[in-house]
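Just so we're aligned: 57 in the UniProt record's numbering is position 57 of the sequence shown, and the numbers increase by one with no gaps anywhere.
None of these hints come from the bench; they were simulated from the model. Bear in mind the structure is a predicted one, so any value in this text is a computation, not a measurement. One should not assume that every hint holds.
As the list claims (entries may be wrong) - Beta-carbon label-pair distances, calculated as ranges:
| id | residue 1 | residue 2 | range |
| --- | --- | --- | --- |
| 1 | Lys259 | Leu81 | 17 to 27 Å |
| 2 | Pro134 | Gly190 | 22 to 32 Å |
| 3 | Gly190 | Ser93 | 29 to 39 Å |
| 4 | Cys147 | Ser193 | 34 to 44 Å |
Ideal placement from N, C-alpha and C gives every residue a C-beta, glycine not left out.
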Amino acid sequence: KGSTSKITQHHLENITPTTRMLERLLPFLCITICCIHTASSLSSSSPSTTKKPLPKAFTGVRFSLYPNMNKEDDGTSTSSLKEAIKYAVKPISSLGVEVRPDDVSSCLLGPQPTLFEAVRVAFGRAARTTGGKPRNVSTQCTFSAGCPGEDVDKLPLPSRTVEEKEGVFVSDALDLPPRVACQFAIYPLGTASHMDTIYNVIEYAKQRNCWKEGKSHFCSMLDGDGVDVFDTIQSCFQLARDACPDGHVVMTATLTANKSRWPEEDKSSPPPAAAAASTES
Numbered sequence: 001k002g003s004t005s006k007i008t009q010h011h012l013e014n015i016t017p018t019t020r021m022l023e024r025l026l027p028f029l030c031i032t033i034c035c036i037h038t039a040s041s042l043s044s045s046s047p048s049t050t051k052k053p054l055p056k057a058f059t060g061v062r063f064s065l066y067p068n069m070n071k072e073d074d075g076t077s078t079s080s081l082k083e084a085i086k087y088a089v090k091p092i093s094s095l096g097v098e099v100r101p102d103d104v105s106s107c108l109l110g111p112q113p114t115l116f117e118a119v120r121v122a123f124g125r126a127a128r129t130t131g132g133k134p135r136n137v138s139t140q141c142t143f144s145a146g147c148p149g150e151d152v153d154k155l156p157l158p159s160r161t162v163e164e165k166e167g168v169f170v171s172d173a174l175d176l177p178p179r180v181a182c183q184f185a186i187y188p189l190g191t192a193s194h195m196d197t198i199y200n201v202i203e204y205a206k207q208r209n210c211w212k213e214g215k216s217h218f219c220s221m222l223d224g225d226g227v228d229v230f231d232t233i234q235s236c237f238q239l240a241r242d243a244c245p246d247g248h249v250v251m252t253a254t255l256t257a258n259k260s261r262w263p264e265e266d267k268s269s270p271p272p273a274a275a276a277a278s279t280e281s
């Protein structure tokens, strides 16, 4: 025991000042190393600030058809409404879009040009009887592209079974009524410049032959050849998407064709109350 005490005392007497300083700094060095390791771990686990490429935009349209059935159309009663709609939408699945009908409307999912092609086919076929006679029909559509709530990676699309030519629709999509009236509205979402986009779309539509002048609430009006009307709303939708490629674009459109009596443009004087208010202002 005495020998051990002498050895310990001998070692303590031979410890240099440098060694004592290192002993004092050792706890701080350990703390510093732990902090560096923790910071490195947090950095590697945090999301990267590098902008990842955006997924391809999810595109779809929800629409409903309303053919006006009567006995003069094709010798059938109004009970054939279901058959008329089936006839109108039958070729859609061959275009390579996902068709999801329900009790209220039908949802189509797929490439943007094909969606417009499919709606044109359904509208054109619903606008004529099986015998080829014109039939009054209306449709309501909601087009959507870039919806952040949809999972584009899980979109199963059927194969297109009809011949596809770039920029050319199938014949049914071009066989449209000679006069179609349309109300449409564009909604660019998720962008601060949405009003600029809307104004640009309206200015573009005004240059088309089917543009209809006049005051309309919450929509713009088109009236003209069916092909021109559908081409116009498709171009307007694409124009809005080009203006905000990272945003969500929605377009609503209501179209009607083959009306038995088209309303004339109202050129009458405003009601007395409206006229008085205009004079006072």
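Each hint, compared with the structure:
Remark: the range hint 17 to 27 Å for Lys259 to Leu81 is upheld by a beta-carbon distance near 18 Å. About 41 Å separates the C-beta atoms of Pro134 and Gly190, a value inconsistent with the hinted range of 22 to 32 Å. The hinted window of 29 to 39 Å between Gly190 and Ser93 holds, with their beta carbons roughly 32 Å apart. The hinted window of 34 to 44 Å between Cys147 and Ser193 is violated, with their beta carbons roughly 19 Å apart.
Hint compliance for this structure: hints 2 and 4 are not met, and every other hint is.
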